[in-house]
Amino acid sequence: MKLIFEKSKEGRTSFSLPKLDVPEQKIEMEDELIRKEKPNLPQVFELEVVRHYNDLERKNHSVDSGFYPLGSCTMKYNPMINEEMAGLFNNIHPYIDEEYTQGALELMYNLQNYLGEITGMDAVTLQPAAGAHGELTGMLIVRKYIDDNGYTNKTKVILPDSAHGTNPASAKMAGFDVIEVKSGPDGRVDLEEFKEKMDDTVAAIMLTNPNTLGLFEKDILEIAKLAHEHNALLYYDGANLNAIMGKVRPGDMGFDIVHVNLHKTFSTPHGMGGPGSGPVGVKAKLKDYLPKPVVDLNEDGKYYLNYDIPKSIGRLRTFYGNFSVMVRAYTYILSMGHDGLKFASEMAVLNANYLRKKLEKEFKIAYDEVCKHEFIIDGTFLKEYGVKTLDFAKRLLDYGIHPPTIYFPLIVHEAMMIEPTETESKEELDHFVDVMHKILEEAKSDAEILKGAPRNTPVRRLDEKVANKELKVRF
Amino acid sequence: MKLIFEKSKEGRTSFSLPKLDVPEQKIEMEDELIRKEKPNLPQVFELEVVRHYNDLERKNHSVDSGFYPLGSCTMKYNPMINEEMAGLFNNIHPYIDEEYTQGALELMYNLQNYLGEITGMDAVTLQPAAGAHGELTGMLIVRKYIDDNGYTNKTKVILPDSAHGTNPASAKMAGFDVIEVKSGPDGRVDLEEFKEKMDDTVAAIMLTNPNTLGLFEKDILEIAKLAHEHNALLYYDGANLNAIMGKVRPGDMGFDIVHVNLHKTFSTPHGMGGPGSGPVGVKAKLKDYLPKPVVDLNEDGKYYLNYDIPKSIGRLRTFYGNFSVMVRAYTYILSMGHDGLKFASEMAVLNANYLRKKLEKEFKIAYDEVCKHEFIIDGTFLKEYGVKTLDFAKRLLDYGIHPPTIYFPLIVHEAMMIEPTETESKEELDHFVDVMHKILEEAKSDAEILKGAPRNTPVRRLDEKVANKELKVRF
Amino acid sequence: MKKYPYIPHTEEDIKEMMEVIGIKNIKELYSDIPKLFEGDLNIPESKSEIEVRREIMELANRTINLDEYAMFRGAGIYKHYIPSAVYQLATKRNFLTAYTPYQAEVSQGTLQALYEFQTAICELTGMEVANSSMYDGGSAVAEAILMASRINKKYKTLVASSLHPEYIEVSRTYIESQNLELETVKYDEKTGRIDIEDLKSKLTEDISSVVISYPNFFGVVENIKAIKEVLPEKVLLIVNAYPIALGLLEAPGKLGADIVVGEGQSIGNYMSFGGPTFGFFASKKQYIRQMPGRIIGETVDADGNRGFVMVLQTREQHIRRAKATSNICSNHALMAVLSSVYLSVVGKEGLAEIAYQNYQKAHYLAKKLMETEKFEPVFEGPFFNEFVLKPKFDLDEFNKKLYEEKFVGPLNLGKFYNELNNYGLFCATELNTKEEIDYLISKVGEIDEINL
Amino acid sequence: MKKYPYIPHTEEDIKEMMEVIGIKNIKELYSDIPKLFEGDLNIPESKSEIEVRREIMELANRTINLDEYAMFRGAGIYKHYIPSAVYQLATKRNFLTAYTPYQAEVSQGTLQALYEFQTAICELTGMEVANSSMYDGGSAVAEAILMASRINKKYKTLVASSLHPEYIEVSRTYIESQNLELETVKYDEKTGRIDIEDLKSKLTEDISSVVISYPNFFGVVENIKAIKEVLPEKVLLIVNAYPIALGLLEAPGKLGADIVVGEGQSIGNYMSFGGPTFGFFASKKQYIRQMPGRIIGETVDADGNRGFVMVLQTREQHIRRAKATSNICSNHALMAVLSSVYLSVVGKEGLAEIAYQNYQKAHYLAKKLMETEKFEPVFEGPFFNEFVLKPKFDLDEFNKKLYEEKFVGPLNLGKFYNELNNYGLFCATELNTKEEIDYLISKVGEIDEINL
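Chains as they are written, first to last, in my numbering: chain F, 1 to 475; chain G, 1 to 475; chain B, 1 to 452; chain Y, 1 to 452.
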């Protein structure tokens with residue numbers, strides 16, 4: 001399919017402006033600052049743009065088009081009403097007097113509170129733009145906290161080898177050294193190794209619970225106790241919050257800081273990679289470190305942007321965060337209620353365990369026990385048929401199913417990480433199981449079917465080596 | 001693909017209502033009037049509905065998805081802004097005091113005037129819901145006019161054999177006998193035969209000009225003169241108005257009544273078959289026969305629905321017509337202006353003639369001369385390769401192109417009626433020409449390619465006989 | 001050269017294309033057209049999207065947006081809730097910008113959606129077959145009357161005067177020019193139902209059909225069964241039904257209806273100042289060949305897979321021309337699909353619950369209004385979500401004041417019935433909250449005695 | 001059992017699934033979790049869509065809708081016209097509900113759209129490579145500073161104090177914990193441009209990068225070339241650009257910029273209370289391996305057909321973990337695609353015309369304001385569509401009155417600069433009509449002399 005630039009033709013347009021209604025003046029600035037050649041943007045008529053994006057859209061898999069069991073990404077349904085409600089707030093400038101934005105501020109205030117309640121935290125910032133951004137926020141809070149308390153020797157952040165890549169990257173960005181703790185044979189943090197590595201130089205421990213294997217860290221209370229004994233903070237990566245809403249709260253487990261992914265747990269659409277939104281909640285002792293501003297309520301019942309946070313880590317981004325993502329998440333929380341959120345978590349976990357049980361006979365499940373919202377297939381057994389997890393995944397595409405997350409977590413070789421979410425039906429799961437078994441049969445009978453996959457997709461298997469070698473990143 | 005009914009499962013829902021907030025009463029009516037079994041509508045969750053329609057949408061060809069040269073249907077681009085503007089007027093009840101609907105009424109009033117100006121008519125009703133509905137309106141006006149004038153012997157309507165099927169059907173619905181006039185060797189009304197059939201029993205002549213062959217009825221002034229000499233009215237079928245905006249006006253040619261298809265010429269989307277909108281314009285002498293109400297402006301500058309039309313034919317539908325279609329058409333007229341409308345017609349005609357010239361070497365063009373917005377391929381020559389126009393059309397589907405209208409007009413055997421519209425680019429037309437030639441080569445080399453077509457579509461060729469025999473019209 | 005966003009032609013394109021055609025300028029394409037019109041159309045010059053938007057926003061700003069109003073008026077068009085998914089799904093661009101599914105192989109989206117629509121209409125009405133839409137309720141009734149005459153070759157129809165007055169007007173317009181006749185049947189002043197005695201007295205030999213409304217224009221639920229019982233066998237009973245009510249009321253098909261039609265706006269269409277909405281049209285299977293409009297049927301493709309096509313096209317004007325069952329060509333498919341999505345979203349339980357809430361809200365409203373002692377009761381017949389009361393004050397004055405409070409009061413029936421001037425036709429739906437109703441009651445309470 | 005529209009499980013489903021798993025109730029799935037939380041979350045119960053809509057509409061009704069306002073305020077977020085096609089196309093559901101294109105074969109829509117976006121950004125900025133988006137302008141600047149340090153291994157950055165103050169704050173937050181340093185460079189009080197002498201004086205050995213804004217926060221167009229000329233070779237020049245302005249201003253890449261970043265809101269994103277918008281990020285090709293964020297590249301599929309994939313993933317956190325160039329994972333792809341559609345719709349000529357009109361409207365506004373004699377000029381440097389004036393009256397009071405007229409007046413720079421309190425930062429765009437501007441002038445004219 002042609003690029004929109006390849007469809008361009010001199011003299012075409014999709015746009016016109018009203019005639020300039022003010023007297024024209026000569027452009028007054030140094031000649032070298034005036035553009036000589038217009039940016040070579042496409043020149044296309046409106047129908048061409050329309051068809052271009054119509055064609056492109058049809059080449060995308062999406063939650064709307066089918067099952068999307070991408071582990072760790074919580075590809076749940078994005079309700080239609082969320083979009084409509086977000087559309088009500090498109091035309092607000094961030095520097096408008098608060099008197100005129102009371103509704104928007106109240107929404108943020110309520111959302112801060114709801115997220116605090118769900119996570120068991122005392123204060124929440126909505127500023128971070130994504131999960132990783134929330135992690136960075138959290139790590140900067142850790143830094144500020146240790147600086148403030150004079151813990152000058154605290155230079156390390158501990159995290160398990162099953163952690164998301166963003167965890168070490170965020171810790172590093174905040175200037176910490178990253179210490180990995182191996183997972184034990186049960187897929188949880190190895191408590192002994194953890195104890196060995198835990199000392200006063202540790203600033204924080206980053207965990208997600210349930211962890212990326214979908215398993216609940218059963219020693220969490222012990223870990224929290226140890227952390228706090230060493231004046232380290234416990235950080236909760238909210239990627240897997242969808243498993244435990246209304247069941248158990250990070251705050252109650254002993255976590256001091258938590259980020260939440262509104263685009264995962266709270267159903268805001270992933271938008272091809274973003275925008276997300278990664279609010280961060282903290283315990284009371286860390287409230288004064290939150291980025292500025294947060295939304296507060298004054299004594300007259302007016303909402304306002306509170307910049308008076310003396311120990312604040314500063315700012316992580318401009319303005320107040322991804323507001324229209326917040327509107328969607330807020331709509332979702334109102335729709336679901338405390339009862340619906342809890343039920344969502346339960347059904348997410350039910351779905352994952354159902355799939356696990358249905359697949360465990362023919363596939364090797366890593367750590368095959370009651371999981372939470374996701375579980376991992378260990379794909380090493382596929383080697384005997386001469387195929388890899390990658391081939392298996394590509395073959396799923398031919399059946400119209402988006403493959404699970406592959407090759408993550410790193411501690412399971414040839415991993416396939418499956419997170420069905422609660423918005424998929426038993427029928428959909430059964431269909432997935434059938435397809436998985438069918439592909440396995442194909443692998444056994446003719447590995448070429450997998451290795452040559454996909455065949456029924458808009459393009460066939462793409463060559464990443466060529467792409468990285470040639471590095472053609474623009475037309 | 002399953003029907004939504006086949007996806008239904010007891011106990012699922014996409015919907016909930018607020019709890020009933022008023023005291024409940026027992027349903028008081030005869031027991032036989034209370035429903036015993038709920039209508040067996042689907043029970044599905046929201047994501048299932050979303051995926052269902054996502055899947056269905058992908059199975060449709062549309063103007064947005066590609067070239068759609070359906071002769072006589074004017075499948076032009078439907079601008080995005082039209083939809084947005086129509087959305088501003090969703091929540092108006094028709095029985096709201098006029099004081100609160102002044103904007104809507106002004107829009108209708110202006111649209112009446114613009115359509116009158118474009119067609120050269122003195123008064124316009126926006127009430128008809130579609131082109132055929134406009135024709136019926138027009139024919140009822142004819143009937144009322146002849147009754148009013150005591151022309152008791154006027155029982156016939158003359159129309160050419162190339163006319164749209166709606167023309168005779170509408171005339172018949174209004175109680176007229178339909179007299180067909182053959183087209184002459186030049187594709188126009190045979191003037192001699194017309195003269196023979198024209199007498200005082202003729203109530204009206206229905207024409208479209210340019211006609212369905214895309215040819216301008218060069219004797220139109222003579223026809224009008226003859227009609228008027230016999231006190232017959234001349235009716236203009238606006239299906240082909242897209243060829244002549246700003247170039248010549250039906251009213252100036254002598255037409256007394258005209259209908260306009262807002263969903264063709266004025267870019268409102270066709271919506272899988274409707275809604276259309278078929279406003280009817282008339283000359284001053286017929287103004288008093290228009291259906292009630294029309295929008296008028298009183299002396300105080302207030303717009304109002306005028307029901308005081310003593311000789312009105314009555315009502316053709318409820319309320320005031322397809323209002324939100326009118327908003328789209330109005331938006332389009334404002335966007336294009338008098339200059340843009342004229343240019344649109346010119347480019348529509350240019351496109352048609354360009355295609356005609358590019359195809360005339362390899363295809364037989366019926367009446368191969370300068371055409372207006374459309375032209376016809378005579379597909380009988382395909383017989384020598386053992387294929388029909390139907391096969392050729394089905395093969396076009398494999399190339400992602402919607403076939404032209406086929407087997408119409410009836411006077412051309414194996415017709416393919418091609419109307420590119422002005423919103424297609426030269427590149428698109430060239431591509432169409434290439435594909436047409438390629439398929440012709442296929443017909444010559446292996447007719448089975450065409451006879452087995454389509455192959456690349458969501459379903460393969462469908463059996464209409466089975467459908468009509470079994471008449472399975474519901475699940 | 002001026003550029004237009006919707007027209008792709010560059011100067012170069014035009015030049016090249018003219019060369020191929022063999023002309024020197026565009027005028028040559030129009031050389032066969034008499035010079036009857038010179039100069040420019042008296043329409044403003046082309047405008048940018050910014051200007052167009054401003055102009056139309058200005059009109060919208062001078063037009064009511066009932067989304068923000070408490071609505072107590074129905075009378076054929078109703079403010080019901082439309083779930084967010086409905087419009088977003090049904091107006092996807094490849095539905096919106098497709099045409100009639102002439103090429104079935106690339107129109108399966110349209111065809112399946114309409115087949116599902118037909119199924120839902122059959123379920124609602126209790127009929128065996130349905131077409132894929134008419135323009136509106138009024139024209140659907142008119143076409144039903146014509147269809148009945150085609151079936152039994154009789155020329156006269158009896159229409160309940162409690163059918164929506166505009167439907168009667170439309171029917172009259174449609175049928176009179178075909179030398180068919182329409183006579184109205186009185187309503188019973190006590191019950192508000194059709195006057196059975198008057199009906200019986202008019203049931204002469206030449207009667208083709210009887211048309212009633214369910215509920216009728218006064219909101220009163222007709223007893224279809226009782227009516228059917230008095231009709232001679234060959235007379236067809238046409239029932240105009242309010243689809244939301246069919247969540248609570250027995251299906252007309254089960255009570256003896258031969259043709260069931262109606263206005264579909266209430267199930268998933270915006271009010272849109274009355275259009276476009278759609279008419280639905282269902283009947284017994286034996287009459288299918290006399291039905292107007294497009295019908296979708298199931299079939300198989302060359303590989304034996306299920307697919308859908310238009311069936312019985314030989315009834316239609318593009319094949320049968322003057323002998324067609326109707327002249328209808330464009331229908332209201334998009335509106336039908338909107339309602340099909342709506343019916344899928346609300347589903348079996350949802351529609352029943354909506355109907356139930358409509359009933360309850362309207363009955364609460366009626367009870368509370370009567371308690372104010374500022375109304376007299378009018379009809380005794382059972383009602384669904386609309387009812388008529390006779391106020392002891394000037395209704396139009398009262399309604400005027402309500403607008404200021406962002407309330408729309410009842411319709412003054414004097415608009416359609418001389419004898420019912422200053423009678424109010426009230427409506428409540430699932431969208432009317434108790435708070436709104438109670439506020440309306442309080443406003444009634446405030447009416448000055450002098451007004452009485 | 002209560003039903004939820006977003007959860008498909010019926011009682012029967014749950015029973016069957018529990019049987020397969022071998023559990024008797026759902027609690028067993030949580031048996032390994034410590035009993036730390038009992039009871040219900042303190043959040044209201046689930047609500048119907050009708051109730052949710054009412055509740056959020058109520059909030060929206062208490063929030064400004066600037067669509068209806070004349071807007072004279074910018075300061076980083078601008079009210080520009082967004083053609084209707086832009087949102088309708090970019091937010092199609094199969095864009096909206098897709099995730100990061102991990103499986104390229106079923107993500108070509110996303111990948112090609114982002115590749116086109118990268119191309120458009122390169123065209124605008126005059127750079128060789130661009131990534132597929134950052135969160136916003138502020139974080140893009142911060143990441144650019146970090147990138148510069150990775151490139152030249154120096155630890156200090158000089159930031160013009162006329163960079164958006166919030167960007168400076170964000171940059172400070174990002175870099176300080178990495179033991180990098182940030183120092184600001186004064187603006188020239190006469191021109192409003194960066195103070196070249198101050199800059200020179202601070203250009204020590206350890207300087208990694210210099211950050212300027214184009215135009216700067218005061219609307220003044222910096223002379224990139226002149227700045228570049230004073231920089232030592234190894235110091236990277238980071239330019240934060242306003243993309244609309246790039247329709248008129250020379251591409252920073254042509255004037256010596258090494259990294260060009262900026263806030264993308266102005267090109268096709270709504271204001272949305274400041275987010276989500278997106279940051280764009282472009283640089284010379286030689287630095288591509290130090291870039292943060294996702295980059296899309298062209299490749300071929302197994303049949304040799306063109307396709308697109310994510311490239312250089314080894315820079316990213318999911319591969320490189322702690323050694324990644326950034327921790328960024330989710331970006332703002334949807335916003336980037338919105339802008340890509342925008343740039344395709346307005347096109348080459350459109351963007352130039354928009355920029356030209358912005359310039360003209362703002363200069364007309366400035367001229368007219370000065371003619372009222374109620375302002376003092378502030379900066380002499382050339383400006384694009386924003387400028388600073390010093391009113392002889394209380395700006396906040398004036399602005400308050402403007403709101404009532406549905407006008408938003410200039411930003412009081414005291415919000416960010418103590419020394420510029422009661423200075424107004426005015427903005428005009430293609431959406432400001434002469435009529436609006438003249439009305440604003442008339443309002444200035446009405447200001448009571450007492451206020452002066």
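These are computed hints drawn from the structure, not numbers from a lab. It is possible that part of the hints are untrue.
[Said to hold, decoys possible] Here are the simulated lysine-lysine pairs, DSSO-like style, with alpha carbons at most 27 Å apart:
(1) F/247 with F/287
(2) Y/415 with F/465
(3) Y/400 with F/195
(4) Y/186 with Y/27
(5) G/38 with B/225
(6) G/156 with B/153
(7) G/247 with G/225
(8) Y/15 with G/7
(9) B/24 with G/472
(10) Y/323 with F/197
(11) Y/190 with F/26
(12) G/2 with F/438
(13) F/357 with G/7
(14) Y/190 with G/9
(15) G/472 with B/284
(16) F/19 with F/2
(17) Y/202 with F/302
(18) F/156 with Y/285
(19) B/190 with B/392
(20) Y/190 with Y/154
(21) B/27 with G/358
(22) Y/285 with F/7
(23) B/154 with G/426
(24) Y/27 with F/364
(25) B/154 with B/190
Hint check results:
Between residue 247 of chain F and residue 287 of chain F the CA atoms are separated by roughly 25 Å; this keeps the pair inside 27 Å, and the hint holds. Between residue 415 of chain Y and residue 465 of chain F the alpha-carbon distance is near 51 Å, which puts this suggested pair outside the 27 Å criterion. For the hint pairing residue 400 of chain Y with residue 195 of chain F, the CA-to-CA distance comes to about 61 Å; that exceeds 27 Å, so the pair is violated. A distance of roughly 63 Å separates the Cα atoms of residue 186 of chain Y and residue 27 of chain Y; the hinted pair therefore is violated under the 27 Å criterion.
A distance of roughly 19 Å separates the Cα atoms of residue 38 of chain G and residue 225 of chain B; the hinted pair therefore holds under the 27 Å criterion. With a C-alpha separation of about 23 Å, the suggested pair residue 156 of chain G and residue 153 of chain B falls inside the 27 Å cut-off, and the hint holds. Note on residue 247 of chain G and residue 225 of chain G: the hinted pairing holds, with a Cα-Cα distance of about 21 Å set against a maximum of 27 Å. Pair hint residue 15 of chain Y plus residue 7 of chain G holds up; C-alpha atoms about 19 Å apart against a cutoff of 27 Å.
This hinted pair does not check out: residue 24 of chain B and residue 472 of chain G have alpha carbons roughly 56 Å apart, beyond 27 Å. At most 27 Å may separate the alpha-carbon atoms for a hinted pair to count; residue 323 of chain Y and residue 197 of chain F meet this at roughly 21 Å. At most 27 Å may separate the alpha-carbon atoms for a hinted pair to count; residue 190 of chain Y and residue 26 of chain F meet this at roughly 22 Å. Restraint check: the Cα-Cα separation between residue 2 of chain G and residue 438 of chain F comes to about 21 Å, which is no more than 27 Å; the hinted pair holds.
Between residue 357 of chain F and residue 7 of chain G, the direct Cα distance comes to roughly 24 Å. Compliance with the 27 Å bound is thereby established for this hinted pair. In summary, the hint linking residue 190 of chain Y to residue 9 of chain G is not supported, as the alpha carbons are separated by about 74 Å, beyond the 27 Å threshold. Distance restraint check for residue 472 of chain G and residue 284 of chain B: the Cα-Cα separation of roughly 13 Å lies within the 27 Å cut-off, and the hinted pair is therefore satisfied. Of the pairs offered as hints, the one joining residue 19 of chain F and residue 2 of chain F is violated, with about 33 Å between alpha carbons and a cut-off of 27 Å exceeded.
As the CA atoms of residue 202 of chain Y and residue 302 of chain F are separated by approximately 45 Å, the hinted pair breaks the 27 Å bound. Proposed proximity of residue 156 of chain F and residue 285 of chain Y is contradicted: the alpha carbons are some 35 Å apart, above 27 Å. In summary, the hint linking residue 190 of chain B to residue 392 of chain B is supported, as the alpha carbons are separated by about 19 Å, within the 27 Å threshold. The straight-line distance between the Cα atoms of residue 190 of chain Y and residue 154 of chain Y is roughly 32 Å, outside the 27 Å bound, and the hint therefore fails.
With a C-alpha separation of about 20 Å, the suggested pair residue 27 of chain B and residue 358 of chain G falls inside the 27 Å cut-off, and the hint holds. A C-alpha spacing of about 26 Å is found between residue 285 of chain Y and residue 7 of chain F, which places the hinted pair at or below 27 Å, so the restraint holds. With a C-alpha separation of about 57 Å, the suggested pair residue 154 of chain B and residue 426 of chain G falls outside the 27 Å cut-off, and the hint is violated. The suggested pairing of residue 27 of chain Y with residue 364 of chain F holds, with an alpha-carbon distance near 26 Å, which does not exceed 27 Å.
Between the alpha carbons of residue 154 of chain B and residue 190 of chain B the distance comes to roughly 32 Å, so the proposed pair goes past 27 Å and is violated.
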